[in-house]
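Using the sequences provided together with the hints, build the complete structure.
Protein sequence lines correspond, in order, to chains A and B.
Using this note's numbering, read the first sequence as starting at 1 and increasing by one per residue.
Using this note's numbering, read the second sequence as starting at 1 and increasing by one per residue.
Please keep in mind that the hints were generated in silico from the structure rather than gathered at the bench.
Be aware that one or more of the hints could be misleading.
The calculated lysine-lysine pairs, modelled on DSSO-like cross-linking and capped at a C-alpha distance of 30 Å, are [what the hints assert, rightly or not]:
#	chain 1	residue 1	chain 2	residue 2
1	A	Lys387	A	Lys443
2	A	Lys400	B	Lys283
3	B	Lys96	A	Lys218
Pulled from the structure, derived: some chain B residues nowhere near chain A, Cβ distances all over 12 Å [to be verified]:
#	residue
4	Pro90
5	Leu111
6	Tyr172
7	Gly220
8	Ile237
9	Ser287
Idealized CB from N, CA, C, for every residue including glycine.
What follows is each chain in one-letter form.
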Amino acid sequence: MNRWLIGLCIMVSATACRRESRQPEEQVLVASATLTSAWIRNFNPFSPNALWPTRAGVYEPLLIYNTLTGRYVPWLATSHRWSDDSLSLEFELRKDVQWSDGNGFDADDVVFTFELMKNHPALDTGSVWQRILGIDKLAPHRVRFRLAHPDYPALPVLAHQMIVPEHIWVKVQAPSTFRNETPVGTGPYPIVGSFRTQLFELDKHPNYWKKEAVLAKKLRMPAYQGNDTVSLALVSGDIDWAGHNVPLIERTYIPRDPVHFKYWFPPLGGMVFLFANTTRPPLDDARVRKAISLAIDRNRLVKIGMSGYTQPADGTGLSPVYDRWKCCKTEAEALTRHNPNESQALLRSAGCRKEKNQWTCQGKVLRFGLEVVNGWTDWIRSAQVIKQDLGAIGIHVQVKSYDFGAWFEHVQMGRFDLSIGWSNEGSTPYEFYGGLASSKTVKPVGQAGPTNWHRFADKTFDMLLDTFASTPPGLKREQLVDQMQARFIETLPAIPLFPNPSWGTYSTRHFVGFPNAKKPYAKLSPHADPERLLLMTTIAPRTKNTSDGIADRTGAGGP
Amino acid sequence: MNFLLSKMGLYAVAGWAVITLNFLIPRLMPGDPASALFARFKGKLKPDAMEALRQQLGLNDAPLLKQYWDYIAQLAQGEFGLSIAFHPEPVLGVIKIGFIWTVGLSGVAVLISVVVGTGLGAYAAWRQGGRFDAIVPPAVAFLAAFPYFFLAMILLFFLGLEWGLFPLGMAYGPYSAPGFNGGFIYDLVSHGFLPCLTIVLASLSGWLFVMRNTMIGVMGDEYVCLAHAKGLSRRRIFVAYAMRNALLPSLTSFGMALGFIVSGALLTEVVFSYPGLGYLLLKAILSQDYPLMQGIFLMITLSVLLANILVDALYYVLDPRTRGGR
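Okay, structure coming up:
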């Protein structure tokens, strides 16, 4: 028995002493974007299960829309130009780009990529071919898209398509089930160096076109299965760049190495809404929806539900990503400020009556089920706050949590009263409002709709959205967005709660030049696709003479 | 022979029932795989993507009966189709990734548990009424009362996190390359220690009690009495006469346990981030991955059935009474 114990003790102490550390000279960038217990080798950029960073990492798009500057950064294309009749869009391609196998990149690759999606509609997840009629090669490095009608929102869809090499993919028989185990790309890290169940590494492009980029030798992705394991790896400094929600980050992560460990959780994610099903009266009445909005104390909601990592929404529903589009600050903020008295006055004006702390509208008692997803603790906490706030003015809410599949079916089919949910993200408010208030996105109750779960349709919105699509960038477009915002405030199709934070943490022990609140040249989140390319080609390995003072050097992020 | 034939018939019916339930149950879940996949992007994917996703995943709204027929036809060819959560990886490929880890972990754990449990049980019977017998069996029974995952979390919290004695998860360290060398094997063992310990602690009591109780029963049998009368040593009687006979029931449950190896450690794996089938099954359920769920469930149920067949066959050989009914 004693020998046993001694053996155990030796083993135990040996484990405790071992700690792998990384030398700075290795120049390995360790990143963690997705959680899994085992990597499955799939570098097909058309597959929704492609490994991070197949899209925007192995492969690259023509242009990158930088949400922070509101500009398109030239990438595989150096410029784009709309024709005068707005029926065609030309891209001038970069001439000095090489695929990772040494072949040159040219217009044939771009034409091939789009033709591939035409021949295999399963690959066309952006519905490109519903917008374009065709694509032509005009010169070895110039392509033109032909459109059926003026459609300016097509630009981000076309510009963000990942381009694959013709000379490789032309041999692929079934591209939608192709696993692309040894990819050939133009991106900064296109070569699979090693691949194991728990860890894989991508090597840098031997001849990357962006010459000023100082790349790491390798990009390393360990598999972490859950938030706990990844948080632990973060605090021990194993990861340089990650995009996970770390609870109490000021107390758990930062104190471990305040000089090098940083985070930036700007509210630049999608807007989170409280959706009210407009097919269920009295929720079809804008005054009732507004009353609900005014009854919610969003400051408390953000503090309790989101641990203070974000800020309250305003009545336009636009997240801070769209700050440059915003109009009508006063009206917008008045609609989301906690104001129980105003809320009850609105209900009275809608013809509702209050008896024994219980509201009745159109003959119906205001009593709603609020649906959330099991295990999504931030939403569940938020729902509890909403329940308390609405209960305080006499609207009774019952929080119902379902498993994800059941919840998603309810909202898609329109079988719910109230539900928390996300919204569309896009480069302009057009995509965002389209999913919230366009009659094109409304499906009858019982038929699954990917967006517009609350089933709100409005003629004014339809008109504004259609006009926007055919209006070139400029003052007129901004005016249209102003009108959309005014209409949103007027009708309040859905009740905005708070923008999601964009999670990002980094360590400057081995790499410098990450974006942060002081130098917001791009989003920090590794999930920002394709913007992460801006970050990946701006950060650089720390050299021996990098001092911590200049560690956060200014990032260029393209012209 | 009739005994075996009728047993085989029974297993054929059970096998068909398993395959059919395996087909039906996942489809009774709310939601569908394309929506689940779409939802993972939380608004980052264009709404129009849904149709392309359905096509890519090969989903169709064929009538249930036709889907059932296709499923049977595929199974007959040993085809499980493509996984949805890990599309386009084939289901068999995904299962292969987790299978080794699960079988390795649970297999070792079951073996340890059987050997240690049976040994402790025999020793408790040997010292029946003594101090060992008074302390160890109740203590083991107490441990077994904890659910697997709870025990796993307690061990992880104290031995892993608080005292830092063991790694907190995964099958081996992120920086060690798999291979046949001391370093890697050491790494493997230190990572597998806590999950293995969890399973052993939780399943020890079954083996211990079966062994202890049958031993006590056998020790009172007449042939043991005769052996005593012949003047054989107590040790010899215990090991060569009593233990050999008392092992029979344990042997049959060992067969059963082999069948449960595949399914046994799901929760333990989830707690320790062990890359076995447990995590894959969880992921399959969360993303409504019918083919993968079916593949894993089939694996589990068939291995239980197979183990049962083996046990029955073993009984046929070992116990003459089963052969009597002709």
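Going down the list of hints, with the structure as the test:
no.: 1; hint: Lys387/A x Lys443/A; verdict: holds, 28 Å
no.: 2; hint: Lys400/A x Lys283/B; verdict: holds, 23 Å
no.: 3; hint: Lys96/B x Lys218/A; verdict: holds, 28 Å
no.: 4; hint: Pro90; verdict: violated, 9 Å
no.: 5; hint: Leu111; verdict: holds, 17 Å
no.: 6; hint: Tyr172; verdict: violated, 7 Å
no.: 7; hint: Gly220; verdict: holds, 30 Å
no.: 8; hint: Ile237; verdict: holds, 26 Å
no.: 9; hint: Ser287; verdict: violated, 9 Å
Comparing the model with each numbered hint stated earlier shows that hints 4, 6 and 9 do not hold.
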